[in-house]
Structures are given as C-alpha cells and as structure tokens.
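Peer 1: What follows is each chain in one-letter form.
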Amino acid sequence: MGAEENDQGTGVHSSQADGNLKIMTAAVFVQDLTKNYGPTKALKGLTFEVPAGSIYGLIGPNGAGKTTAFSILAGLMRPTSGISRILGIEVQPNSRELASRIGFSSPQFGLFDYLNGREILLACALMHGLAAYEAETRTQDLLELLDLESAAGHFVYEYSQGMRQKLGLACSFIHAPDVLLLDEPFIALDPASVYRVVRTLRQMAASGRTVVLSSHDLALVERVCHRVGILHEGELKYETDPGPAAGIPAGDQPATAPGQSQLESLLWQVVGAPEMKDLSWL
Amino acid sequence: MNGAQQLQVLSTLPVRRMSILLLARLLIQERWRKLQVQYGWAARLSICLVLAMATWMLASVSVSLVRAATQEQIAEVFNRLLAIWIIAGTVTGKDLTWHVRLERLLFFPLSFQRLFGSSLFFALLTFPLTLGLCVLEICVLVKSSGTIAWLAALPAFILLVWGARAIISLIRTALFRSGALTRSIRYMLWLLIACLAISIVLLDHYNLSSALPGYHCARIFLGIDPFEHLLPLGIAAALLIAADYVVQHDLVYSGITGPLGFRTSRKTAGRFLLLRPSTSRVLWRISLLGWLRNRNALLLLIWGALYGFGYTYFTKVGSQMYFVGFCWMVLIFHSYLRGNLLGVDNRAVWVYYRLPIRIDDAIRAKNSALSFVQMVMVGGVLLSPVLRETRGMTTPIDWIGILSFACCGILLGEIFGSYFSVLHPEPIERSSLYSGGTTPGAFLVPVLQTVILAILIVPGAVARRNLGDVPAGILFVSVPVVLLVVRNAVLR
Chain A
1 MGAEENDQGT
11 GVHSSQADGN
21 LKIMTAAVFV
31 QDLTKNYGPT
41 KALKGLTFEV
51 PAGSIYGLIG
61 PNGAGKTTAF
71 SILAGLMRPT
81 SGISRILGIE
91 VQPNSRELAS
101 RIGFSSPQFG
111 LFDYLNGREI
121 LLACALMHGL
131 AAYEAETRTQ
141 DLLELLDLES
151 AAGHFVYEYS
161 QGMRQKLGLA
171 CSFIHAPDVL
181 LLDEPFIALD
191 PASVYRVVRT
201 LRQMAASGRT
211 VVLSSHDLAL
221 VERVCHRVGI
231 LHEGELKYET
241 DPGPAAGIPA
251 GDQPATAPGQ
261 SQLESLLWQV
271 VGAPEMKDLS
281 WL
Chain B
1 MNGAQQLQVL
11 STLPVRRMSI
21 LLLARLLIQE
31 RWRKLQVQYG
41 WAARLSICLV
51 LAMATWMLAS
61 VSVSLVRAAT
71 QEQIAEVFNR
81 LLAIWIIAGT
91 VTGKDLTWHV
101 RLERLLFFPL
111 SFQRLFGSSL
121 FFALLTFPLT
131 LGLCVLEICV
141 LVKSSGTIAW
151 LAALPAFILL
161 VWGARAIISL
171 IRTALFRSGA
181 LTRSIRYMLW
191 LLIACLAISI
201 VLLDHYNLSS
211 ALPGYHCARI
221 FLGIDPFEHL
231 LPLGIAAALL
241 IAADYVVQHD
251 LVYSGITGPL
261 GFRTSRKTAG
271 RFLLLRPSTS
281 RVLWRISLLG
291 WLRNRNALLL
301 LIWGALYGFG
311 YTYFTKVGSQ
321 MYFVGFCWMV
331 LIFHSYLRGN
341 LLGVDNRAVW
351 VYYRLPIRID
361 DAIRAKNSAL
371 SFVQMVMVGG
381 VLLSPVLRET
391 RGMTTPIDWI
401 GILSFACCGI
411 LLGEIFGSYF
421 SVLHPEPIER
431 SSLYSGGTTP
441 GAFLVPVLQT
451 VILAILIVPG
461 AVARRNLGDV
471 PAGILFVSVP
481 VVLLVVRNAV
491 LR
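Protein chains in written order, with our numbering: chain A, 1 to 282; chain B, 1 to 492.
None of these hints come from the bench; they were simulated from the model. Note that CB positions come from ideal geometry on N, CA and C, so glycine has one too. Just so you know, not all the hints are guaranteed correct.
Pairwise CB distance ranges, derived in the manner of DEER restraints [as the list claims (entries may be wrong)]:
id, chain 1, residue 1, chain 2, residue 2, range
1, A, Y133, B, L202, 53 to 61 Å
2, A, D147, B, R388, 51 to 59 Å
3, A, I83, B, R33, 38 to 46 Å
4, B, R388, A, Q92, 32 to 40 Å
5, A, A188, B, F272, 26 to 34 Å
6, A, A188, B, R33, 28 to 36 Å
7, A, I83, B, L423, 27 to 35 Å
8, A, S261, B, Q29, 43 to 51 Å
9, A, R78, B, I87, 43 to 51 Å
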C-alpha cells in the first residue's frame, strides 16, 4: 500500500502529460523532494499536491519528516533535490514574493523574547506592508480571537507554550496569506482556542485559501482536513480523504478497535501498530 | 482504593535520601559531556594547555609584583579586585562560578538546604577559579615562605568566592527578579543591599580599611595571624550566604523561572512601532527594543553611560588620551554582539527569513540600532566636558578629534560586524547554534576595532603636532567619511 498504488484516490502519479497543468492549478505542488542531514535522510522523494481552497493534513510519527517538509515549503531550508512550488512559484530560500503570500507557523521556531505580543503582531503586519490603521485593527482582532488580549503587553518569554503557539498562529494569519503552512498548529492549545483556530481555518479554505497542516491529533485532522497524507520515514506512504472511510480502497479498509478512529487504524496499518511493553513493577 | 488514598499511602512511604555525591557525579558528568559536545577533545586539551600556561605566566608576573609590595598595597589590590569582580559579575551576569539551576533539581528527593549547600560546592568547580587559586597559592608561598599561610589561603579564597557570589546574586535578584519575591523578603533584600552600600561608603569615608576584606586577606597572605583573620571573612561570608539562601528559597518556590518583564499597558503597547511606520523604521525599532530590553545589554548601556559621565564629571580629570580611552571602553562593551547580529535573536532569527524583507535590511537595522546604543554611551562620556570646562577638551579640534575617533570606532564595528554576521555567523561552540556571543566575530570584531583605532590615532596625533589644526581637522573628518563609504559598500 502506498501513494504510488493509490491513483484513484490521489492523482499524485498521473501521466506526465497533464503534469504541467497540475503545477498551474495546485496551490501547493511537491515532487520528489529529498532532504539529507549528513547521512540521515529526512525526506526520500516526498510527492503531494494540494488544490486551492482545501485543507491538507500531514500525519505521521515523530521524526517522519513533517517539520523538514514544512521548513522547505516555507523557504527556510534548501532541499537536497526535488521541486516545490506554491501558487505556481518555485520555493526559494528568502523569496520575498512568496513570503508575502505564505503564512507559516511552527512550535519548533521561537519568537522575539523581548517584544510583547502586540508589538510582534504589529511588526509582522507592518513589515508585510499593511497600513498602520489596518495593522492595528487586525492585531486587535487576532488578539481578541485567540484570547491573548490580557497578555498583549507582556514579553514573549513570559508566555506559556500555548500562548506562544497562539501568537505564532496569529503572526501567520495577520497578512491574510493565500497559503497557510502550519506545523503542529493545535499543540498546547486549550479546547476553546482549538475551536477558534479550526473555525478560522475552515473560513479561510471557504474563501479559496489553502491550508497545509500537520498534527498528531488524528480525530481533529479527520474533522478538519479535506485530504490527509501519511508520512513515514521521509516518504508519503498513503493519501486519503478522511471521514467515514471515504477514499480508502475497499481492500484497505482498516479494522477499527473500539474507540479508535478510522484514521488512527489506518495510520497504524501504514506505519505499524505500536508495540507495548508491560511494566511488571508498576 | 481511590486516588486520594493512594497518594496518602505514597506520601507515608520512606523516601530514600538521594546521596549528594550521586547528584554531584550526575551534574559533573553532564557538564563534562556538554563540554565534549561543545568543544571536542582537541579543543579541551588546548584549553587545558592554555590555562596551564596562563597560570604559570600569571603566577610569575604576580610573584615579581608581590615581592616588593607592602601590606597596604596588597590589601588595596584585594579590595579593588573584589570590587571589579562584583561590578563585572553584576553587570554581565558572569561571576566566574558555576551556577547549577536549583529549580531544575527540585524533582530530586533532596531538601532545598542540601541542594543549596551542594551549589556552594559546585560554584568552585570552574577553570578561572582554579587558576586564581593556583596563582594565589604560588604568591603566598613566595611572599611568606616558611609559614603556614598557604594553608589559610585556601579557605580565605573560598570564603571570598562565596561572599562575592552571594553579593552578586543578591544584587541581581534585587534588580531583575524582585517581583517574584514575597513582600517581606523583597524589603529585607533591599534593606540589606542599602545597608551594605552605606557601610562600604562609611568605611571608605572614615578610612576604616581594617574592616574591609582586603585587610584580612593581606594579613593571611603575609602569614600574620592567618587563622585569626579567617574569622571575620568567615562571618561576613556566612551572613551573605544565609541572606542569599533565604532569597533563593523564596525565589525558587515562587514558580517564576525568568525575570519579570517590563509591561506596557494595552493601550500604549506597540505605539512606538506605529509612529510613521515603514519597513526599515519598524526593523530598526524592533532591533532597538530588543537591545534595550536585553537586561545585560541594558545594564551595560546604563553602566557605561553613567560611569563615563560620573567619573569624568566628579574626578575632574581630563586629557585627549583619557577621553580616547574612555570612548574606546564604552565602544568595546557591545562590540562582541556584532559577531552575529541576527543570532542574538536566538530562536526567533527565522522570522527575518519569513518576512518580505531583505536580510541586508535586517542586518543594517541591527547594526544601526546598536550604533545608537553606543552613541548614547559615548554621549555620556562627552557630556561632562559640555557641562564644565575639562582639560583636553577645550578647543574645537579637540572635539573634532574625539568625535572622529568615536565615529571611526562605530563604523569599524558596523563594517566588521556586517562581514562576520553574513559570512561567518557559525558559533564556535557546536551546541549553541543560535548564540550570537560565541562566533569568531564576537572575538575578532573587538580586536580588529581596537587595533585599527590604535593605528588611526598615530597619524591624527602626528598631523596635529606637525601640520597644525586645519590639516589635522581635515584628516579627522575625512577618515570617518571614508569608513562611511566602505560601510555602505559592505552593506550593499
């Protein structure tokens, strides 16, 4: 089972003839992306595409290559080989053209410790070219939306992990980008914030914007994403439309245990079920 | 059995006391491995060799100096060294001792008393202190041979280290973290610091030098009733350590791990950025805020500007070389930060690459914000001759010469800072990927700045003496202009 075999579901490996057309139409297009950190191969020919106006989820175990993929797509890292295009523009490190059209957030990266939350949002907005009034309005809206208003005057190093995460998300939203790349957007968020973020993402997708996210919360991914890819050991092993087994070939229907979602069963089927060691002394 | 009952049973179980030796072994092992990751074997061996050579050289120089020194001179040296140690430790946060973070060790089954006690032991395990102790012991042996002073020198040194460390810890806690303390402890801390400051001023004013630690150290050093003089040092150190214990206990259990930040009201937060914003202005402003809110950079700024002004104003000393020296000193304070201008933002550095800006604009903003900070410090030094007539700063050419020197220093910092920040931003320590203070540039920028400034002084002085004021003035103005052109070319 793999992306190569899942033609009807993904369309990842369709004929070369309409390849160029896909590059033109897909908001995010990734082909044969590899990344080596010395002898370690983080990505081994990652290929997927995301149509405009959809939410795409990347799931997979720790160390699967999700953050590496996001860093390359955000232009923060050069790939070893392969092509990645966003909105038809080839992703290059420090590309100013793409920077203004992409929003990126990742808990792996920090924010300025010695600025307060409002200043960080304002700085991002102003450097994205927004007028002062617009920057102020959007900053206030986002602070209210993400329940950060009371902490807006505090330095970032005083923020909790969840507050930092919300501020990072707000920075990625503030210039209303066409494509959002969100690495682990729900990590450390409280349920109310998760609800608000999910609603915002759906609203953005409905208005034609594209969202690519990764998460370990499979139930949430199942609920939010239009399409999900399972990344394992640097390769896209499987792609599916989440929900009630839609898009999963009949033979591949995973058997779900009680309390287990379809996506969870599928993930375990693809990457292998977790082995459990009993602690006799516990 | 429900959860609460289980917890009750667990809490009554005898907890095996963790051996302090086990903790010591654990922490030393961690430290050793960190050094291994940071430097590797070759570098560690080099450091050991360099330190051994430094000890030998320092000892031979010190021995030749102390041979002819009197008791008063030795006491004065000890007092001054202690004052410099405390000031430098307070300003930079580096007091030469090893600080184990107590809050990190709280989950071990050890009482706070034992943790604090072990931290006093760990404090001594650093290379600079070992080097200091070796030099001291060699000097004691030379100066007071045939006595047992060398036996008393070790505890005296340890008491000095613990005392200085406790004072630095108390002052820094009062300055940066007093908000985390309970009210009574906070007031006690401020009262203690005020009492210490007043007593030092009074002792100095009434010439009661025998109450200062230098006097006792000198007597121990010379073998004059060495063990008797350990007592006052021991009492002072014990009182300071006890005060530090109370403060640290309160601080660690406050649950506030970092310094409490400066807070702005919701209405005023961000106003500075919104004033006629443009990309370059916003970049410059966030860079400046970053420098000013970094407590070490801020403390250096306040210390440099106030000390520069206060010393020149109140001591009434002055000459061209004196002002040159002072300007050089305040410029050199922040020079190491130019080694990796973006790296000082630590893990936030990626933001610059995600914004639709050019990286050279970010470097330019960082450079000019730091130059502004340095200008304020130079301004502090030069304010004194503005307010009162000062020797060496009376004619226009004196002013042009000093301003030219300061501008050259700042421009050289910007030129070399840009070069190293762009081409050699990698840290020397392999593990501190984001640290701006450990790059080759952090060491080379101050050195290059100093060497070139020293070279520039010579033609200036020669021109002034041999050619007269006007050609010298032209030279003083033209050198910064040339450097400005070079700076702009480098940044482009």
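Peer 1: Run every hint past the structure and note whether it holds.
Peer 2: Hints, verified against the model:
1. Y133/A to L202/B: 53 to 61 Å: 59 Å, holds
2. D147/A to R388/B: 51 to 59 Å: 56 Å, holds
3. I83/A to R33/B: 38 to 46 Å: Given range 38 to 46 Å: holds, Cβ gap about 41 Å.
4. R388/B to Q92/A: 32 to 40 Å: 59 Å, violated
5. A188/A to F272/B: 26 to 34 Å: Cβ of A188/A to Cβ of F272/B: about 30 Å, so the range 26 to 34 Å holds.
6. A188/A to R33/B: 28 to 36 Å: 30 Å, holds
7. I83/A to L423/B: 27 to 35 Å: Between I83/A and L423/B, where Cβ atoms are some 30 Å apart, the hint holds.
8. S261/A to Q29/B: 43 to 51 Å: 44 Å, holds
9. R78/A to I87/B: 43 to 51 Å: 46 Å, holds
This entry does not satisfy hint 4, going by the numbered hints stated previously; all others are met.
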